[in-house]
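Residue-level listing of the chains:
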Amino acid sequence: MTDHATQLPHVTPRITINRAGLWLFFLSETMLFSGILATRFSLLGTEVHEDVSQTIGLVITSILLASSYTALRAEHAASSGDRATCAKYLWLTLALGAVFVAGVAYEWAEAFDAFPASTEFGTVFFLMTGVHAFHVITGLIFLAILLNNARLGRYDDDAWPVEAGVKYWHFVDVVWVFFYPALYLI
Amino acid sequence: MTILTSARESPGQAALLALAVLTGVEYVIGGRDITGAFAMLTLIAVVKAAVIVIAFMHLANVLRGSADD
Numbered sequence: 001m002t003d004h005a006t007q008l009p010h011v012t013p014r015i016t017i018n019r020a021g022l023w024l025f026f027l028s029e030t031m032l033f034s035g036i037l038a039t040r041f042s043l044l045g046t047e048v049h050e051d052v053s054q055t056i057g058l059v060i061t062s063i064l065l066a067s068s069y070t071a072l073r074a075e076h077a078a079s080s081g082d083r084a085t086c087a088k089y090l091w092l093t094l095a096l097g098a099v100f101v102a103g104v105a106y107e108w109a110e111a112f113d114a115f116p117a118s119t120e121f122g123t124v125f126f127l128m129t130g131v132h133a134f135h136v137i138t139g140l141i142f143l144a145i146l147l148n149n150a151r152l153g154r155y156d157d158d159a160w161p162v163e164a165g166v167k168y169w170h171f172v173d174v175v176w177v178f179f180y181p182a183l184y185l186i
Numbered sequence: 187m188t189i190l191t192s193a194r195e196s197p198g199q200a201a202l203l204a205l206a207v208l209t210g211v212e213y214v215i216g217g218r219d220i221t222g223a224f225a226m227l228t229l230i231a232v233v234k235a236a237v238i239v240i241a242f243m244h245l246a247n248v249l250r251g252s253a254d255d
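These protein sequences, in sequence, are chains H and S.
So that you can map any letter, position 149 of the first sequence is 149 in the working numbering, and since no number is skipped, the others follow by simple counting.
Position in the second sequence (from 1) plus 186 gives the number in the working numbering.
Keep in mind the hints are simulated off the structure, nothing from the lab.
Errors might be hidden in some of the hints.
Just so you have them, the derived chain S footprint on chain H, three or more residues with Cβ under 8 Å [to be verified]:
| no. | segment |
| --- | --- |
| 1 | 52–63 |
| 2 | 86–98 |
| 3 | 169–177 |
| 4 | 180–186 |
Only part of the chain H face toward chain S is listed, based on derived beta-carbon distances under 8 Å [stated by the list, open to error]:
| no. | residue |
| --- | --- |
| 5 | T16 |
| 6 | L37 |
| 7 | S68 |
| 8 | R73 |
| 9 | F134 |
| 10 | T138 |
Glycine included, every Cβ here is placed at the ideal spot set by N, Cα and C.
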């Protein structure tokens with residue numbers, strides 16, 4: 001019986017290919033978010049609406065950053081086969097992500113009166129927060145699926161799905177790192 | 187002291203601490219009329235993104251083509 005794998009000069013591990021594919025996806029998403037960020041500065045310059053709440057911005061930003069840390073802990077737990085810890089940190093990440101979305105929803109309720117979508121700032125604000133929140137909600141759905149599967153032990157041998165979902169969550173966090181000052185501070 | 191010690195022991199905690207400090211600095215700069223605030227906030231955002239990409243997303247593994255976690 002010939003072992004074909006040993007005849008090949010180099011076999012790239014599946015995980016390496018998966019990671020490269022995921023980062024290419026992030027690159028394509030970066031183009032979308034860069035375009036939105038460029039639109040914001042093109043339309044508004046360095047203006048920020050006075051009714052934007054810097055406190056809410058700070059609170060939801062802190063929550064999202066903290067959720068990235070809990071997501072990292074979930075990934076580490078999954079890679080070391082610790083099912084219970086992975087599930088615990090995925091729960092925490094889900095909860096923090098849900099609080100972030102609730103914060104954005106609260107901000108939207110205030111924003112509809114202060115700067116409606118028909119105004120220039122309103123258009124930019126709802127576009128940026130809306131597209132980002134859509135990605136956060138998508139991430140929450142991913143995390144919920146991961147949590148369910150992790151509890152059933154489906155990642156005991158292969159933690160790649162958890163790594164991919166968590167990295168997507170980090171990416172959404174990176175996007176917000178640029179959106180936060182552009183919307184609330186500059 | 188305990189926070190700093192544990193941050194040294196865990197890169198994830200150190201990154202979180204750095205992000206918290208930088209976010210606080212951002213908030214202070216944003217709330218005041220400081221010359222060059224735009225440049226400072228842009229620089230801080232780039233540093234924060236780099237911290238997440240390097241410490242949380244392990245970009246080095248992809249660049250090296252490593253199969254390690």
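To see whether the hints hold, each was checked on the structure:
no.	hint	result
1	52–63	holds (count 4)
2	86–98	violated (count 0)
3	169–177	holds (count 5)
4	180–186	holds (count 5)
5	T16	holds, 5 Å
6	L37	violated, 10 Å
7	S68	holds, 6 Å
8	R73	holds, 7 Å
9	F134	violated, 20 Å
10	T138	violated, 17 Å
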